[in-house]
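Listed below are the residues making up each chain.
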Amino acid sequence: MNLTDLTACQWRDALREGRTSSREATDACLAAIERLNPILRAFLSVDADGARRCADEVDRRRAAREPLGLLAGIPVAVKDNMCTADGQPTTCASRILGSWRAPYDAHVVERLRAEGAVIVGKTNLDEFAMGSSTENSAFGTTRNPWDTERVPGGSSGGSAAAVAARMVPFALGSDTGGSIRQPAALCGVVGLKPTYGRVSRYGLVAFASSLDQIGPFGRTVADAALLLQATAGHDPRDSTSVSEKDQPVPDYLAALDEPVLPLRIGVPREFFGAGLDPEVEAVVRAALAVYERLGARLVEVSLPHSTEFAIATYYIVATSEASSNLARYDGVHYGRRSSDHADMIDMYMRSRAQGFGDEVKRRIMLGTYALSAGYYDAYYKKALRVRRLIRRDFEEAFRRVDCIMGPTSPTAAFRIGERAADPLAMYLSDVYTVSANLAAIPGASLPCGFTRAGLPVGLQILSDVFTEDRLLRIARMYERETDWSGRAPPLAAGPTARRGGAA
Amino acid sequence: MSEPQLAPTIGLEVHMHLATRTKLFCPCAVEYDAPPNSRVCPVCLGMPGVLPVMNEKAVELAVRMALALNCEIPDLAKWDRKHYYYPDLPKNYQISEYDQPLGVGGWLDVDVAGRTVRVGIIRVHLEEDAGKLMHAEGGGNYSVVDLNRTGTPLLEIVSQPDIHSAEEARAYGEALRQLAVYLGISRGDMQLGQMRFEPNVSLRIGSDAAGRPRYTPISEIKNLNSFRSLERAVAFEIARHREEYEADPEGYTLEKLGKTTRGWRDDSGLSFLQRSKEEAHDYRYLPEPDLVPFMPDRKWVDELRASLPELPAQRIARYIAMGLSAEIAQALADENLIGQYFDDLTKAVARLSKTSGDWVSTRGNKVCHDWILQHVRRTLNEKKDDMGEFRSKMPAERLAELIQLVEEGKINRNTGVEVFNEMYAANKPASKIVEEKGLVQVADSGAIEAFVDQAIAANAKAVEDYRGGKKASFGRLMGEAMKASGGKANPQVVKEILLKKLGG
Chain H
0 MNLTDLTACQ
10 WRDALREGRT
20 SSREATDACL
30 AAIERLNPIL
40 RAFLSVDADG
50 ARRCADEVDR
60 RRAAREPLGL
70 LAGIPVAVKD
80 NMCTADGQPT
90 TCASRILGSW
100 RAPYDAHVVE
110 RLRAEGAVIV
120 GKTNLDEFAM
130 GSSTENSAFG
140 TTRNPWDTER
150 VPGGSSGGSA
160 AAVAARMVPF
170 ALGSDTGGSI
180 RQPAALCGVV
190 GLKPTYGRVS
200 RYGLVAFASS
210 LDQIGPFGRT
220 VADAALLLQA
230 TAGHDPRDST
240 SVSEKDQPVP
250 DYLAALDEPV
260 LPLRIGVPRE
270 FFGAGLDPEV
280 EAVVRAALAV
290 YERLGARLVE
300 VSLPHSTEFA
310 IATYYIVATS
320 EASSNLARYD
330 GVHYGRRSSD
340 HADMIDMYMR
350 SRAQGFGDEV
360 KRRIMLGTYA
370 LSAGYYDAYY
380 KKALRVRRLI
390 RRDFEEAFRR
400 VDCIMGPTSP
410 TAAFRIGERA
420 ADPLAMYLSD
430 VYTVSANLAA
440 IPGASLPCGF
450 TRAGLPVGLQ
460 ILSDVFTEDR
470 LLRIARMYER
480 ETDWSGRAPP
490 LAAGPTARRG
500 GAA
Chain U
0 MSEPQLAPTI
10 GLEVHMHLAT
20 RTKLFCPCAV
30 EYDAPPNSRV
40 CPVCLGMPGV
50 LPVMNEKAVE
60 LAVRMALALN
70 CEIPDLAKWD
80 RKHYYYPDLP
90 KNYQISEYDQ
100 PLGVGGWLDV
110 DVAGRTVRVG
120 IIRVHLEEDA
130 GKLMHAEGGG
140 NYSVVDLNRT
150 GTPLLEIVSQ
160 PDIHSAEEAR
170 AYGEALRQLA
180 VYLGISRGDM
190 QLGQMRFEPN
200 VSLRIGSDAA
210 GRPRYTPISE
220 IKNLNSFRSL
230 ERAVAFEIAR
240 HREEYEADPE
250 GYTLEKLGKT
260 TRGWRDDSGL
270 SFLQRSKEEA
280 HDYRYLPEPD
290 LVPFMPDRKW
300 VDELRASLPE
310 LPAQRIARYI
320 AMGLSAEIAQ
330 ALADENLIGQ
340 YFDDLTKAVA
350 RLSKTSGDWV
360 STRGNKVCHD
370 WILQHVRRTL
380 NEKKDDMGEF
390 RSKMPAERLA
400 ELIQLVEEGK
410 INRNTGVEVF
420 NEMYAANKPA
430 SKIVEEKGLV
440 QVADSGAIEA
450 FVDQAIAANA
460 KAVEDYRGGK
470 KASFGRLMGE
480 AMKASGGKAN
490 PQVVKEILLK
500 KLGG
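If you read the sequences in order, they're chains H and U. Numbering that gives the first Met the number 0 puts the first residue of the first sequence at 0, with every later residue one more than the last. Numbering that gives the first Met the number 0 puts the first residue of the second sequence at 0, with every later residue one more than the last.
Just chain H, with the same shape it has in the complex (with noise of 0.2 Å):
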């Protein structure tokens, strides 16, 4: 067994016991990520000196019995588009960040610290976490780890396949419309989003303010409990945070192996429809089973606005936010600045000309549009009624059942190129996911199988506002059942693994 096959909750066991140092965790992840990286491009930067002196710190602190945090030695990664104030780059996949060093760090950053965790690198993401595939990564794209002609997915495709290719136990990433889940799915590890205000996005990149949210991904359902655990909480600094005497931050970990019983879980027809590929369909439909098979109720139930409609009011949502956000990349205070401008306006289009991707400039304009004067109540307005409406569908499921489940994507990795050159197709990669952030609720991903070409599918669980603790007791209950997390992409292996596997 390779020491990289630990799991985060595993690593923190070995650490307890002295059986192993954070200083060998730190290495065998800096290791494989040198193997690794250039094959999959998951991490834009690697901090090996920073996070071997902080590796041999924790184990210093725990030689000299001080206390330690949750996360104490063990190591982890964050998505490039988190602030982290140590003098590494903050590049959110982007050129017109230029040589631009965050001068803080961001909250989850803070806490990751805080808990002693060691943050060895920073993940790539499509541009801004705008896509879908981390194609539109201005520098490269990640590949699959399952299968590396094929994409991981994204946004936060970096994070899922460093995780999934067990370069680090354990991940951030960020999901504004399904970048925390879709790659989970495509990649084959556990992704969760939050609640809209359970963790803060302060030194969180915007991209749309009213979707955006952090969450973790692990290989396992403890692990991503672990690392919402560490991360969750109110932050002054970010108003939609939510306060802790509204909303105690329970403890994740502590009931996680209780199933929860009666179990009804609804199954939205809208999210069998036109467009789901049949394998991946039937892939859902035996973890499903399982559930049944564990004592749960499927209950059909109908969100009528949810995929249809999903789609357009987040993209109406979604970009009118980005246009406003972005609107601060412009080459005055700080990143990228043209060299070759007449005036000022000159060097604010040529600024934001030179330094954007096309699907950011595509994003920005379509947000620009909708809320111009006159357009406003025809697309911005409107979308937040339909917003309203999605939020009340959910409220009614969840009246009837207690969680929601269905695919996460459509189909399984797709390969890379394929869906580039249509910006729409890629679009409805997200079509199962944006309703969650539509209606704030919580989502995971949990790995549930694979196609008979070996990618990964995975199931969606979505359950109401603040209810994460059940929602991953509720994945537990499958993962136990299965051992779908227990399987690794055969390059992660390792050189010796794989000689001893072939042997």
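Because the hints were derived from the structure by calculation, they are not lab data. Since we're looking at a predicted model, the values are computed, not measured.
Here are the simulated SDA-like pairs of lysine to any residue, each with C-alpha atoms no more than 20 Å apart in a straight line:
1. K244(H) / V52(U)
2. K255(U) / I217(U)
3. K482(U) / E417(U)
4. K81(U) / Y375(H)
5. K487(U) / R412(U)
6. K383(U) / A18(U)
7. K131(U) / I344(H)
8. K276(U) / S371(H)
9. K381(H) / D98(U)
10. K81(U) / E219(U)
11. K380(H) / Y284(U)
12. K381(H) / Q99(U)
13. K77(U) / R387(H)
14. K81(U) / A372(H)
15. K380(H) / Y282(U)
16. K380(H) / Q99(U)
Fit chain U to the supplied structure of chain H, relying on the hints for placement.
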């Protein structure tokens, strides 16, 4: 009554900095003399990933001002992003309030040369200020920006077009400033740019066939930062509109030309076109997703309303009814704490006074405002203290005790001023200082007679001059007798005895 032809119709947008310690969305200090870009943080610099957090004090001050302007406070106010690209605005949007401001529908009564003009208030809202852009000197091909001011809380007050002259526009601006300073909402320092005015000027040109009023095109004059330039710019615009209209009565109308934006040059005294209707910005307003809407607790609003002090206009009226002159009433009401101090002082003096109620209401009031407008004012100027500090060093009760000592003749007036200064410096009650320094006035005629005799004996020449008809010498002898007493003699008694001795 029909409106006179070409009557000026003016609405005013007023911006004022709120008197908060920190900025609207971050903990940076609001300071006006700090080195450029030294009062900034990732939030007010608009760095990637930052979020605004509303300054509760700013919201409270804004609501207080709205209440003082008789506005309604709606159950929900929301924040919006107003987009435009400019290097003094790092996010390229300003957080403001678009369609649901925190205060709506109020009014302010303004005194214009003895006439009261009621100006309607359309809305009061809160927003952030931008930084300062300075263009390179000597025509250099670059500009520099100071972002210390970025994110300073700014209150915008929009009036109805109820203003009809340049004089009224100025009086309204001054009344707003007085009210804001009075309530501690803004320091209202014009030199620091804490108040800016944007008048919207047009002239009424009769009515159309359906009886609807018609106007000349509205011109909005941007960024006037003194009362003088406000008054001059409005007067200039009124005259300009009249000329333009008379030259082309068919073309120079609001329907045809809409609203234009103009600038003002103080040196030349001319306004100039900045933007016509066609060039108007599309601000692409977006509800601010990073801030939660403001839903004021009704009880909190009621408490704020109840805690509003008496406003300047009411206080001036009350003082005039008490028998004070308009000038004195205005001077006392100019600053809230001075007015309060006057009220406390008259009450304290009345409590201590053994004389009749009449004395208290007439002479007492005069004595109190004399002390305040002379000696309290002088002390504030000399020590550069504000009224809050003064009051904590010399509460009204203490000054009342001093006034009592003077009025009862225990010490004379000049000694009273000395004691006053000493009280402020040493933070001691008057009686203690009088006792320690032995300053009790001598009113005993036997003792005073001796001082007078001394003065007469030592100044034979002056006595001779006086008796020879040179009445001015009396003052000299008075002074000598007072000096002999060490300043403690009751001057009235000295005068009587001296007159008697000199033979009337």
